[in-house]
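Student: Protein chains in written order, with our numbering: chain E, 8 to 300; chain W, 8 to 300.
Hints are supplied without guarantee of correctness; some may be wrong.
It does not matter which identical chain is used: a pair holds within one copy or between any two.
As the list claims (entries may be wrong) - Lysine-lysine pairs mimicking BS3-like chemistry, simulated, CA-CA at most 25 Å apart: (1) Lys159 - Lys49; (2) Lys96 - Lys243; (3) Lys39 - Lys159; (4) Lys107 - Lys225; (5) Lys240 - Lys225; (6) Lys224 - Lys240; (7) Lys250 - Lys22.
Because the hints were derived from the structure by calculation, they are not lab data.
Given the structure is predicted, the values throughout are model-derived calculations rather than measurements.
There are 2 protein chains.
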Amino acid sequence: MYGQKDVLVKEIANKKIIKENSEIIHTPDIIKDDESPLSATKSGKESSMWKAISAQKVNRADISLSAGNTGALLLMSRLILNTIDGIDKPALAGLWPNNKGMNVVLDLGANVECSAKNLLDFSSMGSALHRSLYEHEVPKVALLNIGLEEHKGNDVLKKTFSILKKSKINNFEFSGFIEGNQIMNGDVNVIITDGFTGNIALKTAEGTANFITKNIKKSLNIFSLLLSYYSLKKFKDKLDPRKFNGAIFLGLEGPVVKSHGSTDAIGFSYSIDMCNKIIKSNLIKKIKTNLII
Amino acid sequence: MYGQKDVLVKEIANKKIIKENSEIIHTPDIIKDDESPLSATKSGKESSMWKAISAQKVNRADISLSAGNTGALLLMSRLILNTIDGIDKPALAGLWPNNKGMNVVLDLGANVECSAKNLLDFSSMGSALHRSLYEHEVPKVALLNIGLEEHKGNDVLKKTFSILKKSKINNFEFSGFIEGNQIMNGDVNVIITDGFTGNIALKTAEGTANFITKNIKKSLNIFSLLLSYYSLKKFKDKLDPRKFNGAIFLGLEGPVVKSHGSTDAIGFSYSIDMCNKIIKSNLIKKIKTNLII
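Please work from the sequences and hints to get the whole structure.
Tutor: Written out as structure tokens, the structure is:
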């Protein structure tokens with residue numbers, strides 16, 4: 008654990024298992040949430056982020072997990088860990104529930120603009136991640152678009168579609184285009200898009216879910232709520248954002264996971280579990296052996 | 008009413024008021040839903056769309072309303088009605104409920120790629136539309152982006168932001184950037200984006216709303232549903248898509264409205280009401296006098 012030693016020591020004082028299984032390395036620099044990635048990187052060489060990721064470089068760590076400034080984490084990861092040979096741009100992948108299980112969606116905001124080559128990389132990396140987390144399912148890749156026909160969308164999407172259609176792919180099935188209203192229907196489970204569109208879609212979905220939930224809750228009187236308490240709780244549990252806390256930075260020689268800054272211990276434990284699966288399944292090797300050339 | 012005469016005559020046989028206040032003009036060509044806009048335009052000069060929009064050109068009609076093929080309707084509108092002087096690209100605007108009332112959102116899919124000039128045009132056209140439909144509210148324009156700070160997003164958004172920030176605007180307030188999760192919070196009411204992003208956001212919101220509603224409904228037992236019947240119904244009514252049925256094609260010398268193809272008589276009546284407000288408020292003149300040069 009890299010961080011403020013006095014804070015961490017106090018936090019784990021009563022946590023016997025954590026205490027016995029961890030070492031605390033003090034890092035004096037603190038990176039603020041609103042700091043620009045560049046300034047954080049320049050002046051934060053003694054920060055927890057920089058030190059943790061550097062530990063991967065010298066094989067003292069397999070993976071880094073941080074709840075800090077996303078931009079700084081991405082930039083530091085790129086600077087310290089090399090990009091995998093053949094990959095132009097790393098991407099931020101996240102989990103998004105669907106009717107049948109869980110989607111892997113990328114890019115969620117690391118790259119505002121993407122080429123067809125980038126989207127192809129995202130397809131194979133996202134499929135490798137899906138296999139790592141849900142090993143018994145076949146990754147089904149779809150490109151997020153504004154129509155289902157081959158001629159719809161921008162040039163990058165059309166080009167990516169035509170390459171994927173004729174490529175021999177062995178680690179996923181290609182399902183073509185999907186539209187925004189199909190993200191959650193469960194017919195596909197790896198959804199590919201540029202970082203701008205992915206970020207807008209994810210946040211629009213969050214906002215809509217909050218709007219609907221809040222309004223329906225307001226509409227239910229106390230007796231209704233009590234009568235359906237358990238089934239409503241079950242649904243709420245299923246969509247509990249802590250259960251899919253953790254965005255994965257894909258495309259580097261080592262894995263880095265970003266936890267939501269405002270999650271709690273339970274949310275953070277799910278991220279640790281995700282880290283564990285990523286390492287156990289050897290995600291980086293999976294990515295390297297499945298790139299579409 | 009332009010369309011298949013025999014069908015229409017039968018439909019309004021018992022509708023006295025409609026019969027007395029309308030004239031039926033038979034149009035033999037039928038445009039199919041899956042027909043390409045180009046082929047529809049080439050071979051559909053005797054279709055209801057072509058004829059209705061042409062009637063605007065010779066002052067026999069003030070506005071056209073159609074529930075047919077969107078692409079064909081957009082292309083025909085552009086071909087028949089001139090683009091307003093100073094506007095490069097017309098856009099498709101729609102209504103999207105928020106916590107306090109209704110947003111006007113554009114572009115919803117007419118233009119996959121947009122320049123800063125396009126987004127500026129959309130801002131003033133969207134504000135004019137908002138004033139036409141909700142005359143007692145001040146239009147508050149926001150640009151949909153992946154962050155709130157001035158340096159976030161792509162070059163087009165940054166340029167649009169900087170122009171709007173220093174422009175003297177008199178028909179709306181400029182509220183800066185918003186992210187996807189703020190679309191429905193009601194702080195702004197005119198949301199500007201390119202047609203690709205707007206279409207993805209709208210459909211993602213639709214899909215999410217359906218997902219949440221369906222799952223919560225499944226979680227409520229029959230007694231809960233009955234106990235909260237009226238307040239749930241009130242919420243459902245508020246979000247009834249028929250109430251904001253109708254996308255408006257903005258930027259041409261005449262207004263054209265597209266109804267959802269699968270709506271019913273009630274949904275269509277809301278679109279007619281929208282057409283009425285657009286004409287009464289003189290939307291086209293409002294747009295012309297408020298362009299940001």
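Student: Is it within, between, both, or neither for Lys159 and Lys49, if the alpha carbons may be no more than 25 Å apart?
Tutor: So Lys159 and Lys49 pass the 25 Å test across copies only (20 Å; inside, 43 Å).
Student: Checking Lys39 and Lys159: alpha-carbon separation at most 25 Å within a copy, between copies, both or neither?
Tutor: between (42 Å within a copy, 18 Å between copies)
Student: Could you place Lys240 and Lys225 in one of the four classes (within, between, both, neither) given a Cα distance threshold of 25 Å?
Tutor: Answer is both; intra-copy 16 Å and inter-copy 12 Å each pass.
Student: Pop the pair Lys96 and Lys243 into one bin, within, between, both or neither, using alpha-carbon distances up to 25 Å.
Tutor: neither (36 Å within a copy, 44 Å between copies)
Student: If the cut is 25 Å between Cα atoms, do Lys107 and Lys225 qualify within a copy, between copies, both or neither?
Tutor: between (28 Å within a copy, 15 Å between copies)
Student: Please work out whether the CA atoms of Lys224 and Lys240 approach to 25 Å or closer within one copy, between two copies, in both situations, or in neither?
Tutor: both (12 Å within a copy, 13 Å between copies)
Student: State whether the alpha carbon distance between Lys250 and Lys22 is at most 25 Å within one copy, between copies, both, or neither.
Tutor: Only inside one copy: Lys250 and Lys22 sit 22 Å apart there, 56 Å across copies, limit 25 Å.
Violated hint: 2 only; the structure is consistent with all others.
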